[in-house]
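Protein chains: 2
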Amino acid sequence: MAYVNIQYETMKKFSNHVFSKFGFTDEQSKIITDVLLMSDMYGIESHGVQRMVLYYKTIKNGRIHMDSHWEIVYETPISAVIDNHFGVGQLVGHFAMKKAIEKAKSSGIGLISVRNSNHYGIAGYYAKLACDQGLIGISTTNSEAIMVPTYGRMAMLGSNPIAVAMPAEPYDFFFDASTTVVTRGKVEVYNKKGEPLPLGWALNSDGLDSSDAPDILHNINNKNGGGILPLGGSTEKYGGHKGYGNGMIAEIFASILSQGLTSNHTHIGSTGGTCHSFIAINPNIFGNPDDIKAHLSNFLEELRQSPKASGQTRIYTHGEKEMESYEKRLKEGIPVNENTIREMRDICDEFGIDMEAFLGKIEF
Amino acid sequence: MAYVNIQYETMKKFSNHVFSKFGFTDEQSKIITDVLLMSDMYGIESHGVQRMVLYYKTIKNGRIHMDSHWEIVYETPISAVIDNHFGVGQLVGHFAMKKAIEKAKSSGIGLISVRNSNHYGIAGYYAKLACDQGLIGISTTNSEAIMVPTYGRMAMLGSNPIAVAMPAEPYDFFFDASTTVVTRGKVEVYNKKGEPLPLGWALNSDGLDSSDAPDILHNINNKNGGGILPLGGSTEKYGGHKGYGNGMIAEIFASILSQGLTSNHTHIGSTGGTCHSFIAINPNIFGNPDDIKAHLSNFLEELRQSPKASGQTRIYTHGEKEMESYEKRLKEGIPVNENTIREMRDICDEFGIDMEAFLGKIEF
Numbered sequence: 001m002a003y004v005n006i007q008y009e010t011m012k013k014f015s016n017h018v019f020s021k022f023g024f025t026d027e028q029s030k031i032i033t034d035v036l037l038m039s040d041m042y043g044i045e046s047h048g049v050q051r052m053v054l055y056y057k058t059i060k061n062g063r064i065h066m067d068s069h070w071e072i073v074y075e076t077p078i079s080a081v082i083d084n085h086f087g088v089g090q091l092v093g094h095f096a097m098k099k100a101i102e103k104a105k106s107s108g109i110g111l112i113s114v115r116n117s118n119h120y121g122i123a124g125y126y127a128k129l130a131c132d133q134g135l136i137g138i139s140t141t142n143s144e145a146i147m148v149p150t151y152g153r154m155a156m157l158g159s160n161p162i163a164v165a166m167p168a169e170p171y172d173f174f175f176d177a178s179t180t181v182v183t184r185g186k187v188e189v190y191n192k193k194g195e196p197l198p199l200g201w202a203l204n205s206d207g208l209d210s211s212d213a214p215d216i217l218h219n220i221n222n223k224n225g226g227g228i229l230p231l232g233g234s235t236e237k238y239g240g241h242k243g244y245g246n247g248m249i250a251e252i253f254a255s256i257l258s259q260g261l262t263s264n265h266t267h268i269g270s271t272g273g274t275c276h277s278f279i280a281i282n283p284n285i286f287g288n289p290d291d292i293k294a295h296l297s298n299f300l301e302e303l304r305q306s307p308k309a310s311g312q313t314r315i316y317t318h319g320e321k322e323m324e325s326y327e328k329r330l331k332e333g334i335p336v337n338e339n340t341i342r343e344m345r346d347i348c349d350e351f352g353i354d355m356e357a358f359l360g361k362i363e364f
Numbered sequence: 001m002a003y004v005n006i007q008y009e010t011m012k013k014f015s016n017h018v019f020s021k022f023g024f025t026d027e028q029s030k031i032i033t034d035v036l037l038m039s040d041m042y043g044i045e046s047h048g049v050q051r052m053v054l055y056y057k058t059i060k061n062g063r064i065h066m067d068s069h070w071e072i073v074y075e076t077p078i079s080a081v082i083d084n085h086f087g088v089g090q091l092v093g094h095f096a097m098k099k100a101i102e103k104a105k106s107s108g109i110g111l112i113s114v115r116n117s118n119h120y121g122i123a124g125y126y127a128k129l130a131c132d133q134g135l136i137g138i139s140t141t142n143s144e145a146i147m148v149p150t151y152g153r154m155a156m157l158g159s160n161p162i163a164v165a166m167p168a169e170p171y172d173f174f175f176d177a178s179t180t181v182v183t184r185g186k187v188e189v190y191n192k193k194g195e196p197l198p199l200g201w202a203l204n205s206d207g208l209d210s211s212d213a214p215d216i217l218h219n220i221n222n223k224n225g226g227g228i229l230p231l232g233g234s235t236e237k238y239g240g241h242k243g244y245g246n247g248m249i250a251e252i253f254a255s256i257l258s259q260g261l262t263s264n265h266t267h268i269g270s271t272g273g274t275c276h277s278f279i280a281i282n283p284n285i286f287g288n289p290d291d292i293k294a295h296l297s298n299f300l301e302e303l304r305q306s307p308k309a310s311g312q313t314r315i316y317t318h319g320e321k322e323m324e325s326y327e328k329r330l331k332e333g334i335p336v337n338e339n340t341i342r343e344m345r346d347i348c349d350e351f352g353i354d355m356e357a358f359l360g361k362i363e364f
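Those sequence lines, one after another, are chains A and H. Per our numbering, the first sequence starts with residue 1, numbered consecutively. Per our numbering, the second sequence starts with residue 1, numbered consecutively.
Rather than coming from a laboratory, the hints here were simulated on the basis of the structure. Honestly, I wouldn't trust all of these hints.
The calculated BS3-like cross-link candidates involving lysine-lysine, where the alpha carbons are at most 25 Å apart (straight line), are [stated by the list, open to error]:
1) K237/H with K186/A
2) K186/H with K321/H
3) K105/A with K105/H
4) K321/A with K237/H
Please take these sequences and the hints and turn them into a complete structure.
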């Protein structure tokens with residue numbers, strides 16, 4: 001697939017403009033753009049600007065209620081539950097983590113659980129918001145059911161990522177991973193290439209190992225059974241029950257504590273209903289934050305410097321790849337694929353936006 | 001291997017007596033016994049009374065300091081850091097989770113990080129203490145380095161379990177799992193049977209996949225390199241970097257926030273130094289605890305009732321197997337293997353304990 005590189009600032013102005021044309025305020029457009037572009041800058045194309053058209057479709061088909069306002073339905077000095085009334089995930093996510101950060105600064109910790117929301121982009125964005133304030137940031141979300149529990153054949157949990165970020169030098173610890181063995185995005189990549197999936201990633205509608213990407217995706221979309229495996233695979237031999245348990249942890253903080261929809265009830269018909277959680281912890285409730293940061297930084301350095309496997313040259317700590325990608329893309333621009341460019345062009349045509357004035361002339 | 005079944009109450013009296021002979025008070029002996037027997041009752045033989053001899057050896061070789069007293073080195077209304085001064089893990093663990101529970105009852109949450117400790121048994125014991133009080137309980141620990149980070153060849157993290165328990169009907173949610181693909185105990189079982197390990201569990205000293213259980217165990221014990229893989233295996237293809245990240249989460253709450261020894265620095269020479277974390281969360285900071293419990297119970301039931309994979313008859317939710325094992329062992333007794341019986345007999349000989357008076361006549 002052909003790619004064109006677009007500079008970060010250029011893409012930011014364009015994306016802000018497009019989201020404002022969808023009907024969002026300038027402030028709202030900036031937040032949504034910030035979440036999407038962080039994903040692109042970190043090298044996670046699947047959750048970046050290529051989702052612009054998806055968000056537009058989700059607004060048009062009624063899953064995202066543009067005119068709804070979130071409501072704090074329960075609050076204590078260290079916690080809150082927010083009902084997003086089916087509004088945009090990024091906006092309530094940004095608000096909720098800012099609230100968790102405030103609580104962590106005043107009371108040591110903030111735990112927020114959100115219900116009735118929609119896709120909120122990468123979980124790591126919110127964890128990093130807290131980390132940038134010197135706090136430990138944690139975020140989890142549920143999502144459309146794609147994970148089949150151990151010995152099942154129906155997807156009951158989402159990709160259910162858990163993200164944790166914590167200040168360190170020279171790179172923050174930044175861990176953002178689905179609790180499935182792979183995300184649906186990876187299966188879609190194999191599907192587009194026409195390649196068979198590695199066995200151990202997915203199950204067919206009978207709950208048996210399958211390498212058939214088109215069949216898996218068709219079944220997930222139509223809720224025919226089958227889906228993607230938890231981290232650890234299809235049986236207990238390689239710990240599939242552990243990935244399933246990790247998915248449950250994400251679910252508990254997002255949908256159980258908020259009393260929202262569990263993954264198996266989200267994204268049915270015109271209802272989204274995704275649930276999220278946001279936790280900010282002030283390290284000063286455990287000691288001197290600088291000492292704690294130095295202790296983590298030292299361990300991360302020990303990990304990076306530890307002996308490499310035969311044939312390997314480098315051990316990464318979580319967050320390094322993302323920071324290196326960020327620096328590279330800041331210089332070279334964000335690679336955007338031709339399909340995404342075409343989808344953006346269609347949106348621009350519909351809203352009367354002069355795409356070339358923003359992005360320059362693009363051949364495809 | 002031959003087994004004899006010993007009734008729970010019988011084993012409890014015997015274990016209490018043995019630990020009091022080691023020099024613990026009655027109260028201390030009861031706590032240590034309670035932790036070990038919960039593991040046996042839950043069907044986790046590796047962490048149960050078979051460790052009695054290990055604890056005795058660890059006291060004799062000086063890793064466990066019998067005469068030390070823990071010290072609260074930092075405290076806030078929602079948190080504390082405790083230095084265990086190389087005392088017993090179970091005792092500080094019980095104390096720390098009780099403190100976390102108190103804080104959760106008065107302030108909504110309690111987070112305790114403990115340094116300079118020793119093995120504390122199963123992480124789930126502490127999570128369950130909070131759960132039994134109607135709270136969400138979480139516990140993590142680091143341990144002797146056995147987990148090789150992705151693309152490394154030296155064990156740098158421990159088995160680093162994460163345990164989460166939360167009230168539900170008819171079974172509490174109870175998830176207690178190492179962040180490695182398997183525990184060292186599983187590798188020891190294959191070693192005893194003389195069977196090759198499944199590929200994807202462990203690495204040799206070059207950091208390459210290995211099925212050689214004796215070599216793996218020898219290398220771990222002598223810190224020659226190699227070790228057990230994170231959940232997800234040796235590469236990023238099946239998500240090994242995710243298991244490695246989960247291990248980091250356990251490490252952050254245990255050894256980083258307490259500023260204790262990270263796994264790679266524990267269990268060297270006569271120093272233990274294990275670190276733990278204990279978190280109790282009061283669900284009443286999110287809403288009505290009964291409603292939240294009902295919501296979780298309903299989701300767990302939906303999981304159990306969801307369609308089974310071809311050839312499977314049952315989907316478990318986390319905690320079911322443990323509760324069923326508990327009920328079975330309460331009726332039938334705890335199966336104890338012949339090696340453990342012989343080790344117990346040696347201990348009884350050394351301390352002048354009449355084992356037969358406690359356990360009856362055992363043939364082997």
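Tested hints:
no.	hint	verdict
1	K237/H with K186/A	holds (10 Å)
2	K186/H with K321/H	holds (18 Å)
3	K105/A with K105/H	holds (21 Å)
4	K321/A with K237/H	holds (16 Å)
In the structure shown, no violation is registered for any of the earlier numbered hints.
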